[in-house]
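Student: Chains as they are written, first to last, in this note's numbering: chain A, 1 to 483; chain B, 1001 to 1169.
Mixed in with the good hints there might be a few duds.
Stretch by stretch, here's where chain B covers chain A in the computed footprint (C-beta under 8 Å, at least three residues) [to be verified]:
1. 142-149
2. 164-171
For lysine-lysine, the following DSSO-like pairs were computed, each having C-alpha atoms within a straight-line distance of at most 30 Å [said to hold, decoys possible]:
3. A/Lys235 with A/Lys298
4. A/Lys60 with B/Lys1107
5. B/Lys1151 with B/Lys1051
6. A/Lys46 with A/Lys135
7. A/Lys60 with B/Lys1060
8. B/Lys1060 with A/Lys64
9. B/Lys1107 with A/Lys46
10. A/Lys171 with B/Lys1082
11. A/Lys64 with B/Lys1031
12. A/Lys171 with B/Lys1151
13. A/Lys60 with B/Lys1031
14. A/Lys411 with A/Lys301
15. A/Lys112 with B/Lys1039
16. A/Lys70 with A/Lys171
17. B/Lys1020 with A/Lys60
18. B/Lys1039 with A/Lys171
19. A/Lys343 with A/Lys273
20. B/Lys1151 with A/Lys112
21. A/Lys122 with A/Lys46
22. A/Lys273 with A/Lys301
23. B/Lys1039 with B/Lys1107
24. B/Lys1051 with A/Lys171
25. A/Lys171 with B/Lys1060
26. A/Lys64 with B/Lys1066
27. B/Lys1020 with A/Lys171
Residues from chain B that keep clear of chain A, each with C-beta distances beyond 12 Å, as calculated [said to hold, decoys possible]:
28. Tyr1085
29. Glu1123
30. Gly1125
In short, the hints are calculated from the structure, not lab data. As the structure is a computational prediction, the values presented were derived from the model and not from experiment. Backbone N, C-alpha and C define an ideal beta-carbon position, used for all residues, glycine too.
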Amino acid sequence: MGKKKKSKITPIALKINLIIFIVLMTGIGFGSFLFGYGYFLALQDKIQSNLLVQSDILYKAIEKYMLLGKANIAMEFFDDIGTISPEYTIKLFRTTGKKAFSDNSTIETVNKNLGTPFFEPKVLGAPDTETLQEKYLQGVMQRPPQDLANIEQIEDNTFFHMYKPLINLPKCTGCHGSDHTVRGIIAINNNITRDLQEQFLRILLIGGVIFLVLTAILLIIITQYLKRAVLVPVKAIGDVCSQVTAGIFSTRVNIKRNDEIGLLGQTVNSMAKGLHERFELSKFVSSKTIQSLTSEEKGKKVAMTILFSDIRGFTSYSAKRDAEEVVDSLNRILNIQTEIIHKNGGDVDKYVGDEIVSIFTDENSAVSACRAALDIQKEIEENSSLKYDNLHVGIGIHNGEVILGMIGSEKRADFTIIGDNVNVTSRLCDVAKPGQIIIHEAAYKRIKDTIKADGPYKLKVKGKEEGLHVYLISRNEGDGGAQ
Amino acid sequence: MNKIWLFGVMLLFLGCAEKKPLIPLEYNDWKRTINEVLKYPIPGHENNYRKIFINDTGTKVVREEKEGRTYDNYPDGTIIIKEIYDSSDYKDTDKPVNLTCMVKDPKNVNSRGGWVWIVKSPETGTETILTQAFCVTCHANANEPHPYGDKNLNNDFRDYVFFPYWGEE
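Isolated chain A, as found in the complex (with noise of 0.2 Å):
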């Protein structure tokens, strides 16, 4: 035999957290990261505007040396900027995309404008080559002319690039002519490689931080919630079933609350205070009828032994005392005799007045009903006086086929069994003195071996033309009884 394997049991608390752990960090993780993500394209945009103000502030810079003919301060203030921060730069570039002041040639067309050689020229250094890149300066050199800014990635470095015209005004036009519009570009490159880093490490902490106490917040809340709300509730109802499997009808669920948990133990409750009623009303029921019920049977021939147990001398009895002495007698004799036939293995079939029909099924049936007769009798005799108001009965038992079945009708009807030998174990009853157990030679056949017996007597009962062989069993000549 392998030993049977016992299956794991995962707390549904366990599972909640887990759900709730998940769909909070990915719920949050992702608002997170939408946040960290609009903020930081936020701070681009913020860095991008900050260096347009400040490409705006230098163009005027620009032109008021310009209008003084001080390029050469000009060229000295970009040297300048350029030594504040290596990752700042300034340029001018010619419209043709040439570094400006790489060469004489504006010095000249200056000084051909004016008419005179106003301007000296300039001693020239290593050439400048540096050229602007054709895409930026078509993008600067439109109708009207744009300016034009972009964040360009090289390598692990981010730098926001400046394009912005320099245009000919009306005022720069007695040097250097009315014929084109802009005179040139400014270039301004900053690196924000930097910048971005440190303030996307901040937003990393600061999200991370938020991210963490607000998951953890929100975890504790919907636990605490869901273990109140669900897990709780949930645990009672299945206390309560328990005490139910146990036997124990009285306990309830305590949820009074408008929703599906307080519905469910509404519905436990119920189903608590109905499987109660079942139970009590069990008592009055024969097992039969209710396997029955469960296995909805029509009817049957089933061998049995039949046990009919009468009190004698009650109608005169009931007839002198009132209602409440007559039921409190009757039910007193009826429940010890129901419990001894209970405890010799039979059935209650039902009770008829002061008559009991009972049906013992067993393998040693006949037997089974002659003890519990025998007992029954030794009971009442013993305390007749004592209990039981000096009654007495008397014992009817046959063994044989009957059939067994639902008999009434829809509305109301009795799993019992009727046929002949019933009706046979009926008039051994009725002719059964107090005190007296007599037995049809059927169920004798089967218990001589167990139980002694006197007999055989012939015994004419009414409706059938020949008499029967019977016999009768007591105490004092039998066995002793149950044994």
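Model the placement of chain B on the given structure of chain A, informed by the hints.
Tutor: Frame of chain A, contents of chain B only:
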């Protein structure tokens, strides 16, 4: 149900309603700010032939002196249209290729210097509001001495107009 239908029809009507143009295409009977031939090169328009019109509202320009300086103030609703032709060789049959316009509307969020700067295509009627500083940067020079027209040698505040309306000549 009828109200829903009515609401739907109204929405459809509003959606299909044409947006009123800022610049009318019928401006030829407007006054000219200057009758001189404008075809000498200037930044922004190079040597293209140009004509400048002003609406009736603009002709009511208020000119006043404050602390020794003259200030021009064009009324709200003033529209100045500059026709730009394809080249400097103008013929009467030529049509302008572009209209650059100023609309006095200081409350407009796109206004710069109190003017909304617009480019309009005479062919398609498409109007583009210029939100960048390009136009106003150049026209700001009108408020100080400059190389055009009377050159504003007195440093008058010309309200961003290089060729002010001086009345019927």
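Student: Each hint: holds or not?
Tutor: Tested hints:
{"no.": "1", "hint": "142-149", "in the structure": "holds (count 4)"}
{"no.": "2", "hint": "164-171", "in the structure": "holds (count 6)"}
{"no.": "3", "hint": "A/Lys235 with A/Lys298", "in the structure": "violated (42 Å)"}
{"no.": "4", "hint": "A/Lys60 with B/Lys1107", "in the structure": "holds (26 Å)"}
{"no.": "5", "hint": "B/Lys1151 with B/Lys1051", "in the structure": "holds (18 Å)"}
{"no.": "6", "hint": "A/Lys46 with A/Lys135", "in the structure": "holds (25 Å)"}
{"no.": "7", "hint": "A/Lys60 with B/Lys1060", "in the structure": "violated (34 Å)"}
{"no.": "8", "hint": "B/Lys1060 with A/Lys64", "in the structure": "violated (35 Å)"}
{"no.": "9", "hint": "B/Lys1107 with A/Lys46", "in the structure": "holds (26 Å)"}
{"no.": "10", "hint": "A/Lys171 with B/Lys1082", "in the structure": "holds (21 Å)"}
{"no.": "11", "hint": "A/Lys64 with B/Lys1031", "in the structure": "violated (37 Å)"}
{"no.": "12", "hint": "A/Lys171 with B/Lys1151", "in the structure": "holds (10 Å)"}
{"no.": "13", "hint": "A/Lys60 with B/Lys1031", "in the structure": "violated (36 Å)"}
{"no.": "14", "hint": "A/Lys411 with A/Lys301", "in the structure": "holds (24 Å)"}
{"no.": "15", "hint": "A/Lys112 with B/Lys1039", "in the structure": "holds (22 Å)"}
{"no.": "16", "hint": "A/Lys70 with A/Lys171", "in the structure": "holds (15 Å)"}
{"no.": "17", "hint": "B/Lys1020 with A/Lys60", "in the structure": "violated (37 Å)"}
{"no.": "18", "hint": "B/Lys1039 with A/Lys171", "in the structure": "holds (18 Å)"}
{"no.": "19", "hint": "A/Lys343 with A/Lys273", "in the structure": "holds (28 Å)"}
{"no.": "20", "hint": "B/Lys1151 with A/Lys112", "in the structure": "holds (22 Å)"}
{"no.": "21", "hint": "A/Lys122 with A/Lys46", "in the structure": "violated (40 Å)"}
{"no.": "22", "hint": "A/Lys273 with A/Lys301", "in the structure": "violated (36 Å)"}
{"no.": "23", "hint": "B/Lys1039 with B/Lys1107", "in the structure": "violated (34 Å)"}
{"no.": "24", "hint": "B/Lys1051 with A/Lys171", "in the structure": "holds (22 Å)"}
{"no.": "25", "hint": "A/Lys171 with B/Lys1060", "in the structure": "holds (29 Å)"}
{"no.": "26", "hint": "A/Lys64 with B/Lys1066", "in the structure": "holds (27 Å)"}
{"no.": "27", "hint": "B/Lys1020 with A/Lys171", "in the structure": "violated (37 Å)"}
{"no.": "28", "hint": "Tyr1085", "in the structure": "holds (15 Å)"}
{"no.": "29", "hint": "Glu1123", "in the structure": "holds (16 Å)"}
{"no.": "30", "hint": "Gly1125", "in the structure": "holds (19 Å)"}
Of the numbered hints listed earlier, those contradicted by the structure are 3, 7, 8, 11, 13, 17, 21, 22, 23 and 27.
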